[in-house]
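Student: Sequence:
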Amino acid sequence: MGAQRRVLTRRVVIQLLIFIVLVPLLPLLISGRWNWPEAWVYAAANIGGFAVSRALAARRHPDLIAERARWLQHEDAKAWDRWLAPSAALAGVGIPLIAGLDELLRWSPGFSIPVKGFSLLVFVAGSVLASCALIENRFFSGMVRIQTDRGHHVVSGGPYRWIRHPGYAGALLAFWSSAVLLDSWWAFLPAIVTTVLLVIRTQLEDTTLQAELPGYGDYARRVRFRLVPGVW
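For the sequence shown, position 197 (counting from the first letter as 1) is numbered 197 according to this note's numbering, and the numbering increases by one without interruption.
Keep in mind the hints are simulated off the structure, nothing from the lab.
Since no wrong hints were added, every one of them can be taken at face value.
Cβ pair distances, simulated, as ranges:
1. ASP149 / ARG224: 27 to 33 Å
2. ILE47 / HIS153: 31 to 37 Å
3. LEU29 / TRP232: 32 to 38 Å
4. ILE20 / SER112: 28 to 34 Å
All C-beta atoms in this analysis are idealised placements derived from N, C-alpha and C, irrespective of residue type, glycine included.
Hey, can you work out the whole structure from these sequences and the hints?
Tutor: The structure is reproduced here in structure tokens:
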């Protein structure tokens with residue numbers, strides 16, 4: 001309990017409230033359209049998915065939540081990730097923000113119900129993939145660093161059997177499908193920015209792991225693809 005209290009500092013609680021509760025509700029808050037079912041589904045899926053995945057991850061790896069809560073405080077984090085990780089996170093926030101503005105100002109014509117239904121399936125698949133990566137990987141930190149203080153080693157089970165960075169792959173599926181689910185063509189713009197930043201981060205992180213984490217080079221030769229099987 002003492003360790004949990006130390007993790008749940010005031011700053012961490014505020015961050016959780018902003019990114020886990022406020023951000024998913026942005027389409028509703030900005031548009032003022034409280035009878036928007038897709039936005040409620042989006043908010044519920046994000047908040048519920050976060051709660052379930054973190055509960056399962058904490059049960060399997062109790063120290064992982066503390067590691068992620070201190071993501072901006074790690075002195076050994078890679079210098080490039082000190083700006084890249086927050087930038088990618090902020091770009092992701094742009095998707096529900098732009099979608100809310102789009103609904104308020106009626107910029108986009110919207111998508112058909114079947115297309116939005118398919119996008120919801122893609123969103124759930126991406127969220128499940130990212131959650132499985134988090135639950136499987138005890139070293140799923142919020143910042144790229146070699147976690148020598150936590151006995152960092154290669155994780156090759158679960159979704160890591162198929163691609164080397166399933167957390168990013170799942171997040172990208174969720175980001176792109178969110179724009180469709182929320183009826184916003186303009187939300188593809190922050191989705192594109194987020195994709196570019198995550199691809200750059202994937203490349204830099206993978207290069208770092210191959211150079212500094214024992215055994216990762218052998219793992220990379222067995223699991224050839226970083227994000228998309230058969231492509232890259």
